[in-house]
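Student: Knowing the structure of chain A, use the given hints to seat chains B and C on it.
Each protein sequence line maps, in turn, to chains A, B and C.
To convert, note that position 36 of the first sequence is 35 in the working numbering; the numbers rise steadily by one, no gaps.
Going from the second sequence to the working numbering is simple: count from 1 and add 4.
Going from the third sequence to the working numbering is simple: count from 1 and add 477.
Hints listed in this document are in silico derivations from the structure and should not be mistaken for laboratory results.
One should not assume that every hint holds.
[What the hints assert, rightly or not] Output of the computed footprint for chain B on chain A, the stretches with three or more beta carbons under 8 Å from beta carbons of chain B:
#1 2–16
#2 29–43
#3 47–56
#4 98–108
[Unchecked claim] Derived Cβ-Cβ restraints for the label pairs, each shown as a range:
#5 A:Asp266 <-> C:Arg820: 43 to 49 Å
#6 C:Thr785 <-> B:Glu130: 49 to 55 Å
#7 C:Lys911 <-> A:Gln245: 31 to 37 Å
#8 A:Gln245 <-> C:Ile864: 37 to 43 Å
#9 C:Arg527 <-> A:Lys46: 24 to 30 Å
#10 C:Lys718 <-> A:Asp24: 55 to 61 Å
Positions of the beta carbon are idealized from the N, C-alpha and C atoms, including for glycine.
Listed here are the chains, written in short residue letters.
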Amino acid sequence: MPRVLQPFEYLEPRSAAEATRILADYGTRAKAMAGGVDLLPRIRQRKICPEVIVSIQNIPGLDSIKEERGQLRIGALVTLHTAELDRLIKERYTALHEAVHHLASVQVKTMATLVGNLCVATPASDMAAALFVLGASLVVVSPDKERAIPIEQFFLKPGQTALQPGELVTEIVVPAPAPDSGSAFLKLVRTAADIAKVNAAVCLTVDGDACKEARIALGSVAPTTIRAPRAEAAIKGQKLTGDTIQAAARAAEAESRPITDVRSNADYRREMSGLLVGRAIKIAFQRARGQHE
Amino acid sequence: MSKQIVRLSVNGSNHELLLEPQMTLLQALRDELGLTGTKYGCGVCECGACTVLVDGKPVLACSILAISVRDKDILTIEGLAGNGNLHPIQQAFIDYGAIQCGFCTPGMILSSKALLDENPRPSRQEVKEWLAGNLCRCTGYVKIIEAVMAASETMVKGGSHGK
Amino acid sequence: MASELAVVGKRLTRPDVAAKATGSALYTTDMTLPGMLTAAVLRSPHAHARIVKIDTSRAAKLPGVMAVLTTRDVPDKLFNMGTSELLIIKKEHLIADQHVLNNPVRYAGEAVAAVAAVDEATAQAALELIEVEYEVLPAVFDPLEAIKPGAPRVHDFAGNNIAQHLSHPYVSGDVEKGFRESDAVIEGTFTTSKQKTAPLEPASCVASFDANGRVTVWSPAQRPFLARRRLGEAFDIPEGKIRWITPLIGGGFGNGASLRAEPICVALAQKTRRPVKLEYSREEQFVATETRTRFVQMVKLGVKKDGTMIALQTRVIADAGAYFSATGSITGVNMAYLLGLYRVPNTAGQADIVYTNTTPSGAVRGYGNPEGMFALEQVVDMAAEKIGMDPMELRLKNHRTTGEPSRSPSITIESCRLAECMQLGAEKIGWKEKRATRNKAGIKRRGLGMAVTTHNAGSFPRMLDYTNATIKLNEDGSANLTAGCCELGQGITGVVSQIAAEALGMHAQDIVVYAGDTDVNEFDAGCVGSRATYNIGNAVVRAASEAKQKLLERAAKMLEAEPGELEAREGRVFFKVAPDKGITIAEVAKDAIYNFKGDAGQISGHCSWEAKWNTPAFEAVFAEVEVDTETGEVRVIKVAQAHDIGRAINPLTVEGQLEGSIMQGMGWALTEDFAVNSKGILESDNFTSYKIPSSMDIPETEVLLVEYPIESGPFGAKSVGECGVNAIAPAIANAISDATGIRLFELPMNPERVLHALHRKEAGGLSY
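So here's chain A without its partners, still in its complex pose:
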């Protein structure tokens, strides 16, 4: 395996419009790059060989986290480190904070961006699972239009997103959490600094002991991050008891479609899908109630 990168051209557009024009011109021969922590190692390993790298690092206006009209907007150049330190995310978008926080390497967090992580389209993305349950969508621009893609429609298969040639993600938009809601993120890893074997995120809206709304997502157990609708249905409108949580856990297990790979095996992942969902429901429930009180 080489230690050096395959040759490519490097472009640094100064605006999103310029970037999308370049991306449209080169089509699949070009790759957009933010932090590069995933892209450059894969170029070195000859897994991909783009002719052109389009760095978005100098596009103004993409590096902030702001709250606008009750929505959280995270720019495409916001790093994981910035997101981790963000008070608003920590206080209100708990699952997202936890997903970012449990990613261990500070250097990776300094370099990598949230949007970049999503664009890698790994089924193990911790951030994706959290953003699934928080109901996020992605703002995507192209030379001639802008559109929003709900995050659940963003991932097609491992390594493949719904982005068309010429499209660039500029922002993640996360709606304000509902009152009386709480979220949690959990994952299982081999060592602290590892990609998840299984991850789970849960966001609940509660009314006393009952669950009004539930969103549950699982990662690393299917070709993309998935929602677990039957698990959600098992608790939605129900009192959260040991039994209903157990039912949700079992449904989540059934909804997972894991494979065996170097990190874990399918049986373990399936069983852990349920377990993590059950544990995350309990934590999210506590948080939702805590906020209520």
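Tutor: What follows is chains B and C alone, placed relative to chain A:
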């Protein structure tokens, strides 16, 4: 691919280099500038041996293009000791037995510097969390963590915080 | 007595660390020579394949390519990449089974061809232009599959893929009779994994021929003299025509006991007549350097009701991988420790060393001993449980101790403080209290486990253990010491400078150490086998003592006294009866050179030292774990490790060795897995997929040094390099068992295996 003139500011000195765009910062530092303190360890952003500070932030030189950090302030291990005086973190690593084979040491020290710049009085747990992206195969990290705690103490007391 | 030591026993700063802290330390990878070319290696995508045709013409024509190397260009001579066999007194282990480039290739990732070019990018581009036609051959990856009739054959000469059969040489009694007379017999089969040493520095080499045909090789080899001889054998170059320089090593752990990048690098330098550098990528370091040996070990122990061990048997399948390297001697060592830790009257050991189409195994810290302890020390716990005895009591009752034969029966144990290690470790972990009160219900359960071990200092008497040391004093009172101590990071240069300083009466910082250069140093067997402090130290103390004698004689002339009236300490020579009356060593050393009275004679000392004894270190490890019974996750909370060190020359260094051992042992125990897929392709080929512990994964550690200086070691020192890694995995395994009642027979003990075992236990299956 065509070479371009890339200006790098490393350890306070400006350099003009003729680089191909796929040249990593690690290659530029080691092969072009002879700054071999920054090490290649894995090439996949896992081991931290190539950690340098760009505008004070710890990044991995193996997976960052040299051209993308032109005109930014780059600090490598060679630039840490000022006027022949070791930085308190370097001194603590030496005094506390935190160095064995030394291959992870430059990255480990620079990561520690970034930590203490951001959080001058970290807890032991915070040190452990911060250094999770710097692998060491010799020490078991015990004396490294002790050294960072000790350096924090020295720097807070001595007011020698910062660069 | 101890208070009389001025330098030894002090937590001094090592001479190598200032350069390492400032980035000026030079490793092989940092070397550059004028006109140097860069090499790259084409590797096989198949686990077993014959190269039918290889077309290098397009690669050779690429501008900037200076040479392309294929099997046609390498010597038609078999050799062995490992170096241990060169020192084995009985030659039964010797097997030479590989060329510099082989056809057929026998594991995925094996070198097929190589290129030297003006830079790395050109070399890589050239590799992509080499066209290879392979005939894919059937392959086998599991040693138990490999020995079945009809399994694919890895080497023609090895029927059933068995490279070698070994009987343990020190069997005793009648093991079958022993089992018949036992009150309890415990048996288990334990499988260990192909751990990678994973030094942070990947393998690298620079080779350069001079106009006279002499080659200089720079590489992080742990045994420069033996590496030189191996290389010479492979290329038919006499030793004197090779200068081998080992610069600072970025982590050894045994990997540098075998050749790695050197043969290909030297072949390219020979072909191009230009300096060539070959640096492995991390992926190459994983796939193409030797691993720990996978052992499948059946271990059977018979005990009496009172805890007396009376029979112990092991049957071992050792997976050599694709080439033999040092697996023979590793397997011998494995059986020797397994059968030699306890006092058992009836023992037997048999082993088959088996080829598979996987990365070769070779020397890794512990050299077969940790693998044996993973099996033995669990079986001992299982026996204790069966007869209702505290596992520590059982060990205290049976371990070999002072005055008894060591694992090499011709060597009597000079000093064993294992009982004290156990007592001290037990106290620090809270063995009695916690085992009595620990929570065995709930989701998260805690448990305590222990294991003990021993490890020799060097390989005497089974192998030649030879070294040399020379010290000379400069006119300013400093000294140069040449000794065989390659600096792997273990701190040996500091250790020998402290030993020499103590023996000569100097300050350690006034001694400059030279090691690892075969033109400058005299022969040494290398920094392997936990031999350096004990054996190199023994040479250094004698060389320094000889120099001290000359120092005192000259000082006596200068002071008009008798040498016997004088003593040297901390840079001064003085009268024993009047310590404030004397002169500096610098004054004496200057007189020895700038004499002007016809009496010049630079002060020096030399020692040529062949090991005459081998006193093992002992160690007790205690681990506390918490098992999440729903996820199978094991968190190691604390490890207390008590080590019988004789004397710690530098306690800071000894602690560092042990703390690092705990981490490596824990990684091997829990997470590190050399995972090969169904086609034999390595899946865990970088730190993303092969997980070594990070700073967040380490437990609280308590390293305890039990110091009783021994006669045969320098200033009483024993060894420490490998012992620390031996007993970590079994201590953790025993703690998991204590917490949950499950027994794990295979490494790594990952959550998947733990949970599977927990489910089997719940389902009413036998826990073991």
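Student: Which earlier hints turn out false for this structure, listed by number in ascending order?
Tutor: none
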